[in-house]
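Below are the chains, spelled out letter by letter.
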Amino acid sequence: MSALLRLLRRDLAAFMPGGRRGGTLLPILFFLAVAMLYPFAVGPDAPVLARTGGGVAWIGALLAAILPLDRLVAPDLEQGFFDHWALRGISEEVVIAVRVLAHWLSFGPPLMLAALPASALLGIDGKTLYTVELGLLAGTPGLAAIGVTIAALTAGLRAGAALSGLLLIPLAVPLLIFGAGALSTGGESGIALTAAISLVLLAIAPFAGGAAVRAAREG
Amino acid sequence: MQAAHLSASNIACRRGDRLLFSGLGFTLGPGEALQVAGANGIGKSSLLRILAGLARPYVGAVEREGTVGLVDERLALDEHLPLGKALAFWSALDGEDEAQRATALGLADLLDVPVRYLSTGQRKRAALARLLGQKAAIWLLDEPLNGLDTAAVALVTRLTAEHCANGGIAVVASHQTFALAGMQQLPLRDFVA
Chain A
1 MSALLRLLRR
11 DLAAFMPGGR
21 RGGTLLPILF
31 FLAVAMLYPF
41 AVGPDAPVLA
51 RTGGGVAWIG
61 ALLAAILPLD
71 RLVAPDLEQG
81 FFDHWALRGI
91 SEEVVIAVRV
101 LAHWLSFGPP
111 LMLAALPASA
121 LLGIDGKTLY
131 TVELGLLAGT
141 PGLAAIGVTI
151 AALTAGLRAG
161 AALSGLLLIP
171 LAVPLLIFGA
181 GALSTGGESG
191 IALTAAISLV
201 LLAIAPFAGG
211 AAVRAAREG
Chain B
1 MQAAHLSASN
11 IACRRGDRLL
21 FSGLGFTLGP
31 GEALQVAGAN
41 GIGKSSLLRI
51 LAGLARPYVG
61 AVEREGTVGL
71 VDERLALDEH
81 LPLGKALAFW
91 SALDGEDEAQ
101 RATALGLADL
111 LDVPVRYLST
121 GQRKRAALAR
131 LLGQKAAIWL
141 LDEPLNGLDT
151 AAVALVTRLT
161 AEHCANGGIA
171 VVASHQTFAL
181 AGMQQLPLRD
191 FVA
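If you're matching them up, the sequences are chains A and B in order. So that you can map any letter, position 115 of the first sequence is 115 in our numbering, and since no number is skipped, the others follow by simple counting. So that you can map any letter, position 82 of the second sequence is 82 in our numbering, and since no number is skipped, the others follow by simple counting.
Please note that the accuracy of each hint is not assured.
FRET-style restraints, in silico, Cβ to Cβ [as the list claims (entries may be wrong)]: (1) B/H80 <-> A/L8: 27 to 37 Å; (2) A/S184 <-> B/P114: 20 to 30 Å; (3) B/H80 <-> A/E188: 21 to 31 Å; (4) A/E78 <-> B/G95: 18 to 28 Å; (5) B/R74 <-> A/L8: 52 to 62 Å; (6) A/L116 <-> B/G41: 56 to 66 Å; (7) B/G95 <-> A/I177: 43 to 53 Å.
Some, not all, of what chain A presents toward chain B, calculated at C-beta under 8 Å [claimed, not checked]: (8) A3; (9) R10; (10) F40; (11) A41; (12) R51; (13) R71; (14) Q79; (15) G80; (16) D83; (17) L87; (18) R88; (19) S91; (20) E218.
In silico contact screen, one side only, chain A against chain B (beta carbon under 8 Å); selected entries [what the hints assert, rightly or not]: (21) A86; (22) K127; (23) T128; (24) Y130; (25) R217.
These are calculated hints, taken from the structure and not from any lab test. Idealized CB from N, CA, C, for every residue including glycine.
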């Protein structure tokens, strides 16, 4: 158990703001930039902005999730950390599970916080903002799980960074459909489905990611 | 030190389409040391990774008894952290006090220096400090003498001798002479396919 906590602490130190791997700041700034640019592009038409703003927030969140991918797993694989964890009997699955948690902590809550200024930039009303926040709460764990899995899959590849972005988008489509879909229906069913997808992704991620890391190590 | 045993039987290793070596086998009991010798690219590092269980042999099987410690060209220490903190991550996992080991390896003055500023020889010694903290029964050393000065070479040889005297096993992959009494030799070129 204490090994898990130490892994988590190391991961958090790496991913959190001020951490060595760019931290959370970059994706959050990117998210805000999308929210800021959108009104410039479509014009200051308040009803249009209010109607489409929630969806734009979702697209911004999804694209922001691509940014940290190349720093999630690849550096540790290159520096031999996974070798030495394996020698100590700490399995790849455990490391990846801890990493999903650390990645979500450094990505999910800050993104939900950034959604507040973003909602002002996009002119979203309070009720829509509430649905967006709930959707992000349900959806970002799934995004984090996809992110770490893809980072593990592409860690050993030369063009991993470019590939991982392309891989994330189709896998995140279900989250986007139900998460953003909840905005138009205004119901909780969309949020519930988003959370369900997140749970499935969270359950798969450690095993898929762990197998990917092992394959990269043995290859 | 727990009972240590390492044996390999009929190992073959393939990299891509190339068979590096085949039919390789040996048995090491407590206190025994083995030097794997051979030219660059012959498969020394691959053999060590197979022995460690980090890679699968193409053919054959490896039997291990006892924990495995590995030192290779990859440090597994956070480059941006001061050496002391980077080592502390592993010593916390291993439940060992790292500071005294660092002193034993002449690293005491470097504990505040970020890992990325260390020289080649200092990095090697840092990796050895990590290995010592692990208290592993089987040491797998990949080119442990690279970049070390004569004093450090003597130190590494002495530490390995102590490890074997305590019932440990050491497998050293190196093209340099490793002056350890009673060390067995395994020239890899005899097994090249």
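Hint check results:
no.	hint	in the structure
1	B/H80 <-> A/L8: 27 to 37 Å	19 Å, violated
2	A/S184 <-> B/P114: 20 to 30 Å	52 Å, violated
3	B/H80 <-> A/E188: 21 to 31 Å	44 Å, violated
4	A/E78 <-> B/G95: 18 to 28 Å	27 Å, holds
5	B/R74 <-> A/L8: 52 to 62 Å	23 Å, violated
6	A/L116 <-> B/G41: 56 to 66 Å	57 Å, holds
7	B/G95 <-> A/I177: 43 to 53 Å	48 Å, holds
8	A3	6 Å, holds
9	R10	6 Å, holds
10	F40	38 Å, violated
11	A41	39 Å, violated
12	R51	46 Å, violated
13	R71	13 Å, violated
14	Q79	6 Å, holds
15	G80	3 Å, holds
16	D83	5 Å, holds
17	L87	5 Å, holds
18	R88	6 Å, holds
19	S91	12 Å, violated
20	E218	5 Å, holds
21	A86	6 Å, holds
22	K127	45 Å, violated
23	T128	41 Å, violated
24	Y130	40 Å, violated
25	R217	6 Å, holds
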